[in-house]
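In order, the protein sequences belong to chains L and D. Under the working numbering, think of the first position of the first sequence as 1, with each following residue one higher. Under the working numbering, think of the first position of the second sequence as 1, with each following residue one higher.
Because the hints were derived from the structure by calculation, they are not lab data. Predicted model, so just to flag it, every value in this text is computed and none were measured. For glycine and all other residues, C-beta sits at the position ideal for the given N, C-alpha and C. Hints should not be assumed to be uniformly reliable.
What the hints assert, rightly or not - Reference excerpt, derived from the structure (chain D facing chain L, CB under 8 angstroms, subset only):
hint, residue
1, Arg13
2, Ala16
3, His19
4, Gln94
5, Arg97
6, Ala98
7, Arg157
8, Leu159
9, Leu221
What follows is the residue order along each chain.
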Amino acid sequence: MHLDHTHSHDGPPAVSADAHRPDGRRRALRIGLGGPVGSGKTATVAALCRALRDELSLAVVTNDIYTREDAEFLLREAVLPPERITAVETGACPHTAIRDDISANLEAVEDLEDAVGPLDLILVESGGDNLTATFSKGLVDAQIFVIDVAGGDDIPRKGGPGVTTADLLVVNKTDLAPYVGSDLGRMAADAKAQRAELPVVLQSLRAEDGVGEVAAWVRGRFAAWTA
Amino acid sequence: MSRTALLVLADGRFPAGGHAHSGGAEAAVKAGRITGAGSLEEFCRGRLHTAGLVAASLAAAAALGLDPVELDRAADARTPSPALRNASRRLGRQLMRAARAAWPSGELDALAGEFPKGAHQPVVLGLTARAAGLGPEDAAHCCAYESVSGPAGATVRLLSLDPFDATRVLARLAPEADLVVRQAVDAAHRAAEEGIDALPAASAPLLEIDAQAHAAWAVRLFAS
Ligand SMILES: Nc1nc2c(ncn2[C@@H]2O[C@H](COP(=O)(O)OP(=O)(O)OP(=O)(O)O)[C@@H](O)[C@H]2O)c(=O)[nH]1
Ligand SMILES: [Mg+2]
Chain L
1 MHLDHTHSHD
11 GPPAVSADAH
21 RPDGRRRALR
31 IGLGGPVGSG
41 KTATVAALCR
51 ALRDELSLAV
61 VTNDIYTRED
71 AEFLLREAVL
81 PPERITAVET
91 GACPHTAIRD
101 DISANLEAVE
111 DLEDAVGPLD
121 LILVESGGDN
131 LTATFSKGLV
141 DAQIFVIDVA
151 GGDDIPRKGG
161 PGVTTADLLV
171 VNKTDLAPYV
181 GSDLGRMAAD
191 AKAQRAELPV
201 VLQSLRAEDG
211 VGEVAAWVRG
221 RFAAWTA
Chain D
1 MSRTALLVLA
11 DGRFPAGGHA
21 HSGGAEAAVK
31 AGRITGAGSL
41 EEFCRGRLHT
51 AGLVAASLAA
61 AAALGLDPVE
71 LDRAADARTP
81 SPALRNASRR
91 LGRQLMRAAR
101 AAWPSGELDA
111 LAGEFPKGAH
121 QPVVLGLTAR
131 AAGLGPEDAA
141 HCCAYESVSG
151 PAGATVRLLS
161 LDPFDATRVL
171 ARLAPEADLV
181 VRQAVDAAHR
191 AAEEGIDALP
201 AASAPLLEID
211 AQAHAAWAVR
221 LFAS
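Only chain L is shown next, with the shape it has when bound in the complex (with noise of 0.2 angstroms):
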């Protein structure tokens, strides 16, 4: 490379995470959830979406691994209107879909804002994958990393690009600890070290208002978008 050909490569943002729709509006912010498999994340999506429904226009992405579960639990539980659920095949790579080859997932969330817009938030839930699964920039603006106590009190120690890198990181299922004999005060010790300045937080989606402190990271989210 030659030596004045010193200004950014970074460019303009990729065309897939450009903040503005064709028509020239804000598109929404978009947040993913990521995790290990059966770590709440779905739960968390849907208490979210009963936090945030009243005050932000929301619609949810899935990427189940070969089921419709997760979509199926929210159409469920009836936290938002059929038509804001979105579910995405991922040909048994959750990981592929939301960082390597992002394109259906693209197409997931351009299609609601067509269909149900304008939207304010889209939540993109990965499936359940390892600690390495992290999204794609050119598909989210942020990511929540979801592990849960009873998956090991070692996992914050362990790191791993999800743990570390995560925008927030969430340690559910706090009523849980007790029981499996997971060391709360070690998992928010070891997070810490991990992660610097970077958010954690110890939760019980089974407590009232549970995910009350995610609801309010994603608020600080949405201001800083808009802003």
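Chain D with the ligands: place on chain L using the hints.
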């Protein structure tokens, strides 16, 4: 032509949505028609000479500069199963996004405007090849290879088939794929002279029927 551009376009990691599709392999595995490397090879051979040949011809014709809207209609006419038409348009739309990012072109923009929900994938592929400075033969190669590499990759996941066996199947089919490419390019040139009806219309009824059944499954790994 740039041979490297061809590699970029043909790369399995080119982000155009193909990873979520099995090319009929998921249904064939469930029906017991693909059980290992041998039956995978037979399945792929059948797909190559039917769906593969048709797709490669459409792509070659688009790369040659034939009217993409007419080619899209020809693709519809050659795809009886609504589920497969739908899958092909979805893949076309996804390829369009990646293609416009990689090789911006007025022709791609025009086709995207004409078909906002997606033109048939082989047609988009042919125009993508043009935008990348590639020719009809390159476009046909991509389609012919994709028609077998998709099911092979999916079968590795579906049956936990040894990946070396799956790759050997693809290597063994390569000379046949080259023949299909030659037929496809010849057909595209004929279509340029005689009209689009000169394109082949080979079909594999089981692929079409299985695709309809597969689209109605409640539980599946792949979108098609
Ligand atoms: N005790 C307890 N159970 C919870 C909590 N959050 C979720 N669950 C339960 O954990 C189970 C899995 O929750 P889901 O929300 O489906 O988990 P998920 O991460 O979406 O799972 P996959 O999509 O399959 O990866 C369900 O039975 C939930 O009811 C919690 O805070 N406490
Ligand atoms: Mg879930």
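Hints broken by the structure, by number, lowest first? 8
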